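*Asks:* Chains Z and W supply the protein sequences, listed in that same order. Okay, so the first sequence: first residue is 5 according to our numbering, each after it adds one. Okay, so the second sequence: first residue is 5 according to our numbering, each after it adds one.
Simulated from the structure, these hints should not be mistaken for lab results. From a predicted model like this one, the values you see are computed outputs, not experimental measurements. Check each hint, because a few of them may be wrong.
Short, incomplete list of chain W residues facing chain Z, as computed with Cβ under 8 Å [as the list claims (entries may be wrong)]: (1) Pro67; (2) Asp70; (3) Thr81; (4) Ser101; (5) Gln192; (6) Gly202.
In this text, a Cβ means the ideal position worked out from N, Cα and C, and glycines have one as well.
There are 2 protein chains.
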Amino acid sequence: MKTLWTCAAASLCIAALAGCATGALQVSEVGSFHVGGRAVTLSGLPEKELSFTPGAPPLKLDPNGDFEVEALYARYTRLASPKAKYPLLMWHGGGLSGVTFETKPDGAPGWEDYFLRAGYDVYVSDAVERGRASWARYPEIFKSEPFFRPKKEGWELFRIGDTGSYATDPVQRKTFPGTQFPVAAFDQFAKQAIPRWGTNDAATQAAYDAYVQKVCPCVILVHSQGGNFAFNSALKYPDKVKALVAVETSGSPNPDTTDFARIKGVPMLWVWGDNLDKFPFWGRITAQQERFRTNLVRAGGTGDRLLLPEVAIHGNTHMLMMDRNSDQIGGLIDQWLTRQGIKK
Amino acid sequence: MKTLWTCAAASLCIAALAGCATGALQVSEVGSFHVGGRAVTLSGLPEKELSFTPGAPPLKLDPNGDFEVEALYARYTRLASPKAKYPLLMWHGGGLSGVTFETKPDGAPGWEDYFLRAGYDVYVSDAVERGRASWARYPEIFKSEPFFRPKKEGWELFRIGDTGSYATDPVQRKTFPGTQFPVAAFDQFAKQAIPRWGTNDAATQAAYDAYVQKVCPCVILVHSQGGNFAFNSALKYPDKVKALVAVETSGSPNPDTTDFARIKGVPMLWVWGDNLDKFPFWGRITAQQERFRTNLVRAGGTGDRLLLPEVAIHGNTHMLMMDRNSDQIGGLIDQWLTRQGIKK
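All chains, please: the whole structure from these sequences, using the hints.
*Replies:* In structure tokens, the structure reads:
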């Protein structure tokens, strides 16, 4: 007993006695699942000859049969003693997967880590067609062919630099002054890119809705192209979505016809980075999102806006969860969620 | 202090004082990264017209530009106090991703969870072309078109039932007697399927080699089609691979020309399920793998074999990490690794 009593005075020592490391996350469960989707049968397609090695004789394969398609994949980390009442679901944007929220391209911890340490159970998903959700044969199942985002589009659309500032050679690339993006890791970020289809919105919405029904009540933190899906899910299941954080969301249902009375109990926060005024594209996006937000407020809901330059935080890009100051922004989101009563 | 002293006698209570839950995993870090791959520039391709909504006017998109391709994705969970000296890397098989090792299709914990609780830091990867590793345009970058595994092929090739036992209607499907696969979750398992190419072996090997260089010394646990990549990585980096667990591996370098002297210091264990003798395909695979194993032993290496029916464990399929008795098999692997000196 001597060790025990001597030890008991120091909390570090108590932790050691309990086999419990200081600073470690107390995780009750890690896991994953697919949710949603449908069974499909392909028939009548001709056998395909496929070469397994260029130059080798081709092998005949029958592409017909039964398949499961259009599911969503989610990975979760549940805490032994979460401080939040509800899990936090992170929904990625277009041409990307849940990796958006994991370790940042420069190797620093991302928002998954940040919000776990802030006491949230965190779920990170890959929507239909992307990452571990997988994709299906086209044009028989998916109705179009996919497209792949070139680095130039990522560099400029995500506002790391101005239009025309991208170059193949990393040293020739020009950033906006004071950008927060870890620019040396941009090519590493480009490894996260996922092909995208333009014709899977209905299937994606269906899978997100199934996901919300399975996992929620919850908080949804959604990025970019994911926004429209999250707003629609909130409209369908307003009792299940306890708060919605819209990070540079690029679309929503029509603000002029949306039934805001249905979602006035779902507090929402829009988070925007810097340099939006440099691009007509972003001007149109923010104007549309602002109309959605102000109409929500007009209907009696909570629709707050965190425009980072307005609080003297400069240089943030569209990928602000990967920016060097992502913890600072995560902290502001955590504070807002706390004010909405999400924490215990 | 009263609470502290009263409490100190019970370890549960000590854990509570330290903010540390009994039975929780003490996790020091969760994270992920992409490794390997290369930069590619596409030029001279015509603009593509793509419809975002069937029937809507098409949008013109330029497919040319710079891309990052052929990286591997890995996700890790590191323990505060691992009991193993080296992390355990789990490499999946063909047409699948790292999801193989996560929660099982019936919702029960899989091998990632099992080996974390057994004290290993666990890394789960998606090889080139699959899951979060993403895939690249073909035929310009990948040299062939992909193929999709129908459910029938999975049911029979993975030895859940005999040839001809699959049916579209789940109630009509016939299993081998006493199968350990959670049959009611087979369609859920089919959601994990990933399209595969026959022409990416060199890129996949390069990415695995980069992964081993980044993360190891390590233990590799590899399934099915992944085997050939793991044996090749061990041959290249024998000092970095401290043990190799070959779970129903389907291939390897030529056993008659392999330089086994290089890898005789890498202890290897082959794990096999049941009903292998029902399929000529599996007969050929096991014969080839046995030749690799016995030649390793002949060269003075450790090449052990765990044929489950030989130890009175019956009904296991090719997906034995998803079978109902996966913990029992995980336990035998953990014991073997312990005998190889992998635990502290």
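*Asks:* Each hint should be assessed against the structure and marked as holding or not.
*Replies:* Right, here's what the structure says about each hint:
Given the 8 Å rule on beta carbons, the hint for Pro67/W holds: about 7 Å separates it from the nearest Cβ of chain Z. The interface hint given for Asp70/W is met, as the beta carbon of that residue sits about 4 Å from the closest beta carbon of chain Z, less than 8 Å. Checking Thr81/W against chain Z: minimum C-beta separation of about 6 Å stays under 8 Å; hint holds. Given the 8 Å rule on beta carbons, the hint for Ser101/W holds: about 5 Å separates it from the nearest Cβ of chain Z.
The criterion of a C-beta within 8 Å of any C-beta in chain Z is met by Gln192/W, whose closest approach is roughly 7 Å, and the hint holds. Given hint, Gly202/W at the interface with chain Z, holds; its Cβ is 3 Å from that chain's nearest Cβ, closer than 8 Å.
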